[in-house]
Amino acid sequence: MNGSEYLALAAGALRGHAARTGFSLIGVAIGVAAVLTLTALGEGARGYVTDSFSALGTNIIAVLPGRTETTGAIPGFGGAPNDLTIADAEALQREVRELLYVSPVVLGETNVSFRERSRRSPIVGATAELLAIRELEVASGTFLPEGPWDRGTPVAVLGPKLARELFGGENAVGRSVRVGDWRLRVIGVLRSRGKQIGIDLDDVAFVPVATGMSMFDRSSLFRIVLKTPSHAAIEPARERALEVIAERHGEEDVTVVTEDAVVSSLTSILGALTLAVAGIATISLAVAGVGIMNVMLVTVSERTGEIGLFKAIGAGRRQILTLFLAESALISGTGGLLGLAAGWLATRGLALAYPALPAEPPAWAVAAAFSLSVAVGVVFGLLPAARATRLDPVLALKGK
Amino acid sequence: MIRLEGIGRTFTMGESEVRALDAVDETIEAGEHVAIMGPSGSGKSTLLNVIGCLDRPSAGTYFLEEHEVSDLSDDELSRVRSEKIGFVFQSYHLVPRLTAVGNVELPMVFQGVGRGERRRRALEALASVGLAGRADHRPGQLSGGECQRVAIARAIVLGPRILLADEPTGNLDTRAGNQILELLDEMNDAGLTLVVVTHDPAVARRADRVLVLVDGRIAHRLKGSEMTDLNAVLGRGEPVA
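Each protein sequence line maps, in turn, to chains A and B.
Residue numbering for the first sequence follows numbering that gives the first Met the number 0, beginning at 0 and increasing consecutively.
Residue numbering for the second sequence follows numbering that gives the first Met the number 0, beginning at 0 and increasing consecutively.
Hints should not be assumed to be uniformly reliable.
Unchecked claim - Label-pair distances were calculated between CB atoms; the ranges are:
1) G111(B) to Y353(A): 51 to 59 Å
2) G2(A) to H198(B): 40 to 48 Å
3) G398(A) to D207(B): 31 to 39 Å
4) A17(A) to D228(B): 27 to 35 Å
5) S3(A) to E181(B): 35 to 43 Å
6) Y353(A) to D73(B): 31 to 39 Å
7) D73(B) to G2(A): 45 to 53 Å
8) D74(B) to G11(A): 21 to 29 Å
9) F22(A) to F62(B): 45 to 53 Å
10) E181(B) to R386(A): 35 to 43 Å
11) D73(B) to R14(A): 28 to 36 Å
12) D74(B) to Y353(A): 54 to 62 Å
13) V17(B) to G2(A): 39 to 47 Å
Said to hold, decoys possible - Not everything, but these chain A residues come out facing chain B in the computed CB check (under 7 Å):
14) M0
15) G313
16) R316
Keep in mind the hints are simulated off the structure, nothing from the lab.
Note that the Cβ used here is the ideal one computed from N, Cα and C, for glycine as well.
Please work from the sequences and hints to get the whole structure.
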């Protein structure tokens, strides 16, 4: 008796109680679909974060005021004995040979207005180099002017969303906007970036870093962003940057982080989260397994006479065991396939509803969910199948 | 063919023991037609189950075709059953979801006979019991007599040496019952050893020999033709076992 014959006999038996089989099948399908959908969401979130960071540019290092190891404070939020200054940024550009671009950055938030239209927006004070570092593109006009970083010219470059909000369909370049108490001339509008993480760069007004520091009355930069020409240059550049700042400040009072490290820790957190939700979804598969066991126990007790007959006409214990395991595995396997289909539909639905989220169940989750569903059928089918094999043929023929 | 030596079978019911068979000695030759009779609880079905290797004796030795089968494992007994013994039950024991031919194929499924060969032999067996035209009917679409014919076809499809029938006409009207008995007689005439458990003297009279069980022992051995009424038999003569 080969596998297909066991399956054919099992399928015939299952068709005999379609409703009961159907409900067990749905239980498994829900479990598998849950594993697929939740892992797709987890992976989607991970993909979203990775994409967003890579959209912000690659091979980027940030120098933040304050040293987390000694102060315990979050970098950039106080605890720094020395200010991080434009002069520090200039020193980095001068002395760290591994760097392609350097841009000091200051951050604030204030009202940006044009005539009667006003919008509260993040203001990023930076230099011309930020365009290359963050891989920004100018839609019209120019980006921030080249030149000495400590000269605060009264100009601004607007993110496309901000420009649209303030100017509607009109051309913003050449117009003046009010940023806080400052009157700035718009010299450029950026192209939309789409995906973002953290600040929405489409809604930002960029101003020269010296302008930004005066505007928000800052003595210290928010950070200095550095870009290296290659991934391999990141580590030597990071070390050299630390040395340069330590030399200037007389102590190591800054934190230098690479965005790679941030992305990798975020993705590993989200990866762990994906595994956790997959684990939770697996519980529903186990519950479905208990359902199958229940159904199979009922089946065995209902078909006691049939089991007795099978034994009388020469079926061995292994054959009876395999037959009933085939039934439970068939329920769980079919449920698994249905679950795959339902999970696929659900992730398609998610992708349609949230196009920014690359919700796609990972191959391992698809394989694991389906294998697990079949395994659940076999494992939870063992007890009822073993009970069937243990039946005494004489008593079983009497239906006892 | 069948040699029983001191066969006993004891069942434990709670704390008490019930002796269903007690020191049964009997030999049934190949090709014989033997009927087993006796009052309710006398051990008729238990004896048939032991002969059919469905049950193991608690005592004694059972030789089937000169091989001792009383201490074989469950799986070895299964193999003996599938190779040598066919069963016919009072309630047919057909699988309701399978067609007549599907039911007849069942023993061959467990024996690993190929699909085409299985179908051919099952149709042959159905034809031999006069049901060639009903192969695709399910048990629910067949009369009692037809169901029992399907069960007989299933019992003979693997070519057993022995056919064991437990009250084969118990659920049938007289006409259908007689047809089944004639079919069994034909098979016996063709060389099949036939052992029938019955409470009906008319059924027993067709046998070569009748074993009458009382309290788990063979109390009387009669020729089939001597069988009149069970009460009359039980009331006369001394036990011979």
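Against the structure, the hints:
For G111(B) and Y353(A), the hinted distance range of 51 to 59 Å is satisfied, since their beta carbons lie about 55 Å from each other. Restraint check, G2(A) to H198(B): a C-beta distance of roughly 45 Å satisfies the suggested window 40 to 48 Å. Separation of G398(A) from D207(B) is about 33 Å and conforms to the stated range, judged on CB atoms against 31 to 39 Å. Remark: the range hint 27 to 35 Å for A17(A) to D228(B) is contradicted by a beta-carbon distance near 51 Å.
Between S3(A) and E181(B) the CB atoms are about 40 Å apart, so this pair conforms to the stated range of 35 to 43 Å. Between Y353(A) and D73(B) the Cβ separation comes to about 59 Å, which falls outside the hinted range of 31 to 39 Å. At about 23 Å, the beta-carbon gap between D73(B) and G2(A) misses the expected band of 45 to 53 Å. Separated by about 24 Å at the C-beta atoms, D74(B) and G11(A) satisfy the suggested range of 21 to 29 Å.
Distance hint for F22(A) and F62(B): a CB-CB separation of about 52 Å, consistent with the stated range 45 to 53 Å. Distance hint check: the CB atoms of E181(B) and R386(A) are about 41 Å apart, consistent with the given range 35 to 43 Å. Evaluation of the 28 to 36 Å hint for D73(B) and R14(A) yields a pass: the beta carbon distance comes to about 30 Å. The hint said 54 to 62 Å for the Cβ distance between D74(B) and Y353(A), and at roughly 58 Å that hint holds.
For the hinted restraint 39 to 47 Å between V17(B) and G2(A), the CB-CB distance of approximately 43 Å keeps it satisfied. For M0(A), the suggested interface contact is upheld, since its CB lies about 5 Å from the closest CB of chain B, less than 7 Å. Using the Cβ-Cβ criterion of 7 Å, the hint placing G313(A) at the interface with chain B is satisfied: the shortest such distance is roughly 2 Å. The interface hint given for R316(A) is met, as the beta carbon of that residue sits about 6 Å from the closest beta carbon of chain B, less than 7 Å.
The structure shown violates the earlier hints numbered 4, 6 and 7.
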